[in-house]
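Visitor: Sequence:
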Amino acid sequence: MTVSNQTEDSPLLFILRDIPGLGSAHCWLLIPLGSMYLISFLGNSTILAVIWAGPGLHAPMYLFLCMLALADLGLSASTLPSMLSVFLLRSRAVRAEACFAQLFSIHTFSVIESAVLLAMAFDRFVAIWNPLRYASILTSSTVVKIGLAIILRSVSLHLPLPFMLRQLSYCGAKGLSHSYCVHPDVLKLACVDTHINSAYGLFVLLSTLGLDSVLILLSYAMILKTVLSIATWQERLKALNTCVSHICAVLLFYTPLLSLSMIHRFGKKMAPQVYLLLSYLHFLLPPVLNPVIYSVKTKEIRRRVAGLVQRKGLPLGL
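Each step along the sequence shown adds one to the number in full-length UniProt numbering, with nothing skipped, and position 261 is 261.
Source of the hints: derived by calculation from the structure; they are not laboratory data.
Just so we're clear, the structure is a prediction, and the values are computed from it rather than from any experiment.
Be aware that one or more of the hints could be misleading.
[To be verified] Restricting the straight-line Cα-Cα distance to at most 30 Å, the calculated cross-link-like pairs of lysine-lysine (DSSO-like) are:
{"hint": "1", "residue 1": "K299", "residue 2": "K225"}
{"hint": "2", "residue 1": "K297", "residue 2": "K145"}
{"hint": "3", "residue 1": "K145", "residue 2": "K225"}
{"hint": "4", "residue 1": "K188", "residue 2": "K174"}
{"hint": "5", "residue 1": "K238", "residue 2": "K299"}
{"hint": "6", "residue 1": "K145", "residue 2": "K299"}
{"hint": "7", "residue 1": "K225", "residue 2": "K174"}
{"hint": "8", "residue 1": "K225", "residue 2": "K238"}
{"hint": "9", "residue 1": "K238", "residue 2": "K297"}
[Said to hold, decoys possible] Using C-beta positions, here's what the derived DEER-type ranges look like:
{"hint": "10", "residue 1": "T142", "residue 2": "E300", "range": "16 to 24 Å"}
{"hint": "11", "residue 1": "V144", "residue 2": "I15", "range": "21 to 29 Å"}
{"hint": "12", "residue 1": "L159", "residue 2": "L84", "range": "33 to 41 Å"}
{"hint": "13", "residue 1": "A101", "residue 2": "L48", "range": "18 to 26 Å"}
{"hint": "14", "residue 1": "L251", "residue 2": "P32", "range": "17 to 25 Å"}
{"hint": "15", "residue 1": "I137", "residue 2": "L211", "range": "17 to 25 Å"}
{"hint": "16", "residue 1": "R236", "residue 2": "A101", "range": "46 to 54 Å"}
{"hint": "17", "residue 1": "L48", "residue 2": "V244", "range": "15 to 23 Å"}
{"hint": "18", "residue 1": "W28", "residue 2": "K145", "range": "43 to 51 Å"}
{"hint": "19", "residue 1": "Q234", "residue 2": "L84", "range": "25 to 33 Å"}
{"hint": "20", "residue 1": "R133", "residue 2": "A53", "range": "23 to 31 Å"}
{"hint": "21", "residue 1": "Q234", "residue 2": "L202", "range": "27 to 35 Å"}
Idealized CB from N, CA, C, for every residue including glycine.
Can you build the whole structure from these sequences, using the hints too?
Guide: Take a look at the structure:
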């Protein structure tokens, strides 16, 4: 690897990208973007507050939901600074150190969310496969160990990325493809051999998002097999209904990601606005919609949130 061509007098800078073709209309993006960040913060904070305040909501399912809410908050907070810089301040230059820190944070929280979705799939499988042993299999200590393992895996796999990128040399135009920093985007700007970095990045991708998605599909195959063995259709529908919220969360997280992968590989002539829109949806939609989905579909969460709204004196009919 070659040492980066930067000095203290001329720090290495990357140029973030706004959405091409919008011109002065970029300022209007602050309204939907700001609304999405605000809804994400309020929604996930409400989920955390409701579960924390309710002793009856300290079951494994709700503890995993807390982890999902924390991952969503972390993911939103990771992309917010550069989004504000680009669309509010119209400042697109970012120092390398800040860029590397952001990509570490974005990738870490993305993988944490993926792992939490896998843990929630396992939770649903155990609840349907053997409900009588559910409490003995998924104890509070087991859930804590799963949470610690998720954090340890995500942090340890992504911690080398900033240091590996720091050792590369970057030359020419250093314009990124998004309004935030991600590993493949920064890596393609290096003007030295990046085979080691690419191989490690692919290993991390396959061993996290790739493996998690396969195990989630396997979990639902086993869930479906278990459900089909149940005698009546009413019982089958009741069992499957407990998975609806989780299925929606999985689709929200993986659908834009798979679409981005397909466009990157096969849609070379597609307009850049489409690619950017999907990338924004991947990072912004799950934190916004996950609290809504779980509040609507989970009876106990819905009841506690309604009680919280009533105590604040807000009319539920609005």
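Visitor: Are the hints correct? Go through all of them and say.
Guide: Each hint tested on the structure:
For the hint linking K299 to K225, the alpha-carbon distance of about 26 Å falls within 30 Å, and the restraint holds. Only pairs whose Cα atoms come within 30 Å are accepted, and K297 paired with K145 is accepted, the gap being roughly 27 Å. For the hint linking K145 to K225, the alpha-carbon distance of about 28 Å falls within 30 Å, and the restraint holds. A threshold of 30 Å between alpha carbons decides the hint, and for K188 with K174 the separation of about 10 Å falls inside it, so the pair holds.
The hinted pair formed by K238 and K299 meets the criterion: a straight-line CA distance of about 13 Å does not exceed 30 Å. Pair hint K145 plus K299 holds up; C-alpha atoms about 27 Å apart against a cutoff of 30 Å. Pair hint K225 plus K174 does not hold up; C-alpha atoms about 51 Å apart against a cutoff of 30 Å. Distance hint between K225 and K238 is fulfilled; the C-alpha atoms sit about 15 Å from each other, no more than 30 Å.
Pair hint K238 plus K297 holds up; C-alpha atoms about 13 Å apart against a cutoff of 30 Å. Look at T142 against E300: about 21 Å separates their beta carbons, and that is inside 16 to 24 Å. At about 43 Å, the beta-carbon gap between V144 and I15 misses the expected band of 21 to 29 Å. Taking the beta carbon of each, L159 and L84 are about 26 Å apart, not inside 33 to 41 Å as hinted.
Distance hint check for A101 and L48: the Cβ-Cβ separation is about 25 Å, which falls inside the suggested range of 18 to 26 Å. In this structure, L251 and P32 meet the distance hint of 17 to 25 Å, their C-beta atoms being roughly 22 Å apart. For the pair I137 and L211, the beta carbons lie near 22 Å from each other, so the given range of 17 to 25 Å is met. Separated by about 48 Å at the C-beta atoms, R236 and A101 satisfy the suggested range of 46 to 54 Å.
Restraint check, L48 to V244: a C-beta distance of roughly 22 Å satisfies the suggested window 15 to 23 Å. In this structure the supplied range 43 to 51 Å holds for W28 paired with K145, their Cβ-Cβ distance being about 47 Å. Checked against the given bound of 25 to 33 Å, the beta carbons of Q234 and L84, roughly 50 Å apart, lie outside it. For R133 and A53, the Cβ-Cβ distance of about 29 Å falls inside the hinted range of 23 to 31 Å, so the restraint holds.
The hinted window of 27 to 35 Å between Q234 and L202 is violated, with their beta carbons roughly 46 Å apart.
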